[in-house]
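Visitor: In case you want the letters, here they are:
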Amino acid sequence: MKLSYLLKTTAIALALTASAAQAEVKFGALYPFSGQLALLGEESARGLELAVEEINAAGGIQGEQITLVRGDAVDNNQAIGEARRLTSLEGVKAIFGTYSSARSIAASQVTELAGIPYFELGAVAEEVTGRGLKYLFRTNPTADDMAKMIIQMIVEKVGPGIGKEPADLKIAIIHEDSSYGTSVAERQNAYAEEAGLNIVTTQAYPAATVDMSSLVLDLKNREADIVLQTSYQNDSVLFLQQANEAGFKPAAIIGGGGGYSMQPTADAVGHSVIEGVLDVDFTQYSVNTSYTPGLEEFVEAYQKKYGSAPRSGHSLNNYVGAKVILEALGKASDLEPDTIIETVKGIDIEAGVTAAGYGFKFGDDNQNERAEMMGMQWQDGKLVTVFPDSAAMTPIKLGE
Amino acid sequence: MNTFLQVLTNGIMLGSLFAIVAVGLTLIFGIVKVVNFAHGEFLMVGMYLTYVLTTWMGIHPFATVILVAPALFLLGAVTQRFLIQPLMSADDDHIQIFATVGLSTALINLALLVFGADIASTPASGLRTPLQLGPVRLLSGQVAILVASIAVVVVLQLFLSRTQTGRAIRAVAQNRAAAQLMGINVNWIYILTFGIGAACVGVASVLIAPLYPTSSGIGTYFVLTAFVVVVLGGLGSIGGAFAGAMIIGLIDSFAGFYIGSDLREVAVFGVFLLILILKPSGLFSSRLNLSHVSP
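Chain order of the listed sequences is A and B. Yeah, the first sequence ends on 400 if you go by UniProt numbering, and it's all consecutive. Yeah, the second sequence ends on 295 if you go by UniProt numbering, and it's all consecutive.
Incorrect hints may have been included.
Stated by the list, open to error - Listed below are several chain A residues computed to face chain B (Cβ distance under 8 Å; list not exhaustive):
hint: 1; residue: Q203
hint: 2; residue: A204
hint: 3; residue: P206
hint: 4; residue: D211
To be verified - Label pairs and their computed distance ranges (CB to CB):
hint: 5; chain 1: A; residue 1: Q303; chain 2: B; residue 2: S140; range: 40 to 50 Å
hint: 6; chain 1: A; residue 1: A208; chain 2: B; residue 2: I66; range: 22 to 32 Å
hint: 7; chain 1: B; residue 1: L276; chain 2: A; residue 2: T394; range: 55 to 65 Å
hint: 8; chain 1: A; residue 1: A309; chain 2: B; residue 2: I59; range: 27 to 37 Å
hint: 9; chain 1: B; residue 1: H94; chain 2: A; residue 2: K345; range: 53 to 63 Å
hint: 10; chain 1: B; residue 1: I59; chain 2: A; residue 2: Q263; range: 24 to 34 Å
hint: 11; chain 1: B; residue 1: I66; chain 2: A; residue 2: D168; range: 49 to 59 Å
hint: 12; chain 1: A; residue 1: V200; chain 2: B; residue 2: L131; range: 23 to 33 Å
hint: 13; chain 1: A; residue 1: E194; chain 2: B; residue 2: L276; range: 40 to 50 Å
hint: 14; chain 1: A; residue 1: E194; chain 2: B; residue 2: L273; range: 39 to 49 Å
hint: 15; chain 1: A; residue 1: G163; chain 2: B; residue 2: G134; range: 29 to 39 Å
hint: 16; chain 1: A; residue 1: V200; chain 2: B; residue 2: N2; range: 16 to 26 Å
hint: 17; chain 1: B; residue 1: S140; chain 2: A; residue 2: G363; range: 53 to 63 Å
Stated by the list, open to error - Non-contacting residues of chain B with respect to chain A, defined by C-beta distances greater than 10 Å in every case (computed):
hint: 18; residue: F82
hint: 19; residue: A90
hint: 20; residue: D91
hint: 21; residue: I97
hint: 22; residue: A171
hint: 23; residue: I275
hint: 24; residue: I277
hint: 25; residue: P280
These aren't lab readings, by the way, just hints derived from the structure by calculation. Just so it is clear, the structure is predicted and the values come from calculations on it, not from any experiment. Positions of the beta carbon are idealized from the N, C-alpha and C atoms, including for glycine.
Modelling step: build the complete structure from the supplied sequences, incorporating the hints.
Guide: Now the structure itself:
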């Protein structure tokens, strides 16, 4: 018995060494590839794939080629199931994901227990990194960064642009009433208070609303100068249309991500109506590339592999996050979980040298402290980056 | 005062929007006695049809009604004949509900497959032009919805009260067994009624598509309110659905402005519950009858 046991373990050990000799290392790619979120889940995963291809072409990490194993996080339960499969059955060294915050939160609990590192490249909810997990890192900016950037843009650009002191600006915050809109609005209020801004009203509405005329009328009567909206796509379209039709023209409308960054939104609202509307989101493609070196090469590689231009900034942000992590791991001594963590914690990259612009340095909660969003504006039917100055394509246009 | 008039106008416009969606539902719900959870998805299908026809053929959205309404009639009739009718004799009425839930999910995912997750905007064709009427502003497209919803209500009302087929439909609604004994082909009446109800949704989708971007989930935006309107007005009562829609629209608008946009739904459903407690059969229906085999 003992002998056969010994033989078996030796055989397994030999088999393992043999597979290592093939020089291949597995990482998990956990995204919603089917269901409602599939469009942007797939878009996010493409960024990771391009990063891996680039690393492999340059010789892989630690002399080994990377193989990505896909897991389909179609809902929270399946995210958990797929995380289990990837960590135990496939034996991945780390998982990259996930686009959806809820699925990231669910799946990272599995990897935490298994002691496998998890790199979140695209989910924005604060709770992803706010739970004190040891093996979870996040490279992308969060909902808090969105609120911070919006307020910063008001103080530095919008206020001076329309010729008012910060305290004299009448700012209205409207948001869809799920946890996403509510948390961004809370942070906006907090940062606005810090900056001495005057918030005249904060109003929630259900995302599946078919009428916002009362809300528009209320904002009009309050003579709001600036309206901040945190929303999905349909409610962004509805608000912009109904505000226009009610003759409500605030000096600035600033949207938060989601619907405001997408071309179909501009097409639905009408290019003349959305002209001048501001938006804060992940780094997009109309940006000053001296601040985002490598972005043009990324777009080229994307076009070559997938036959179309990138459909949103998700692929870019996933690409940059994955590339930084994988490059760092390439210089590590091995791929044991603790080595990975130590290596990633040592990453120190300044802003202005990655394709997304922002730098990398992980804080105590494993959140990338240097991650930042950017301010953009719809000009002539195109979304162009206008803030911060180092990344701006053109100056911000206000008050016509 | 001007603000008050504007809020009032907004409420009436919102009410007519709910009315045009709910009229078809009250026929299906009140007469065939099927809780059609796919009602919103019928609207979605109609809106996509309008979108495709206007963008491909370059015609005015309203002109597509000659194709969209018959297409939806067919969809409704086919649903009744091949999905609901085989389940009519099932032991439990609730099985039909699950069938319509299944249909709803299938249609949403079919739309995702065909049109993707992006929104599709039907050309506004001048229907989003604001009109200034004295102190209030409204859209020409909204006025069209108001006029059309009144027209649909009047025509249906006349059809049900003045024609032989209409009387047969009401007879089936009152007592299925007795109607059958009087020589009415009940199955055929159900198919016809379901078809007419769906055709009304077709009319609604043609009117709504230029004003709201179409997406696979757009039906869910309307369907809950449509059910509330139908129950509030009294099942199967066409005029009741119209009145119910106006009440909901006005409460929504006034609560949204004077109480706060986050409390709109609280106000709407609060009043809804209150009316149901005081008058359980709805405002314009004398008695509640949800059984297929009437007493």
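Visitor: Take the hints in turn and mark each one as holding or not.
Guide: Against the structure, the hints:
no.	hint	result
1	Q203	holds, 5 Å
2	A204	holds, 4 Å
3	P206	holds, 6 Å
4	D211	holds, 5 Å
5	A:Q303 to B:S140: 40 to 50 Å	holds, 43 Å
6	A:A208 to B:I66: 22 to 32 Å	holds, 31 Å
7	B:L276 to A:T394: 55 to 65 Å	holds, 57 Å
8	A:A309 to B:I59: 27 to 37 Å	holds, 32 Å
9	B:H94 to A:K345: 53 to 63 Å	holds, 56 Å
10	B:I59 to A:Q263: 24 to 34 Å	holds, 25 Å
11	B:I66 to A:D168: 49 to 59 Å	holds, 56 Å
12	A:V200 to B:L131: 23 to 33 Å	holds, 30 Å
13	A:E194 to B:L276: 40 to 50 Å	holds, 48 Å
14	A:E194 to B:L273: 39 to 49 Å	holds, 43 Å
15	A:G163 to B:G134: 29 to 39 Å	holds, 34 Å
16	A:V200 to B:N2: 16 to 26 Å	holds, 21 Å
17	B:S140 to A:G363: 53 to 63 Å	holds, 55 Å
18	F82	holds, 27 Å
19	A90	holds, 30 Å
20	D91	holds, 32 Å
21	I97	holds, 21 Å
22	A171	holds, 36 Å
23	I275	holds, 21 Å
24	I277	holds, 24 Å
25	P280	holds, 27 Å
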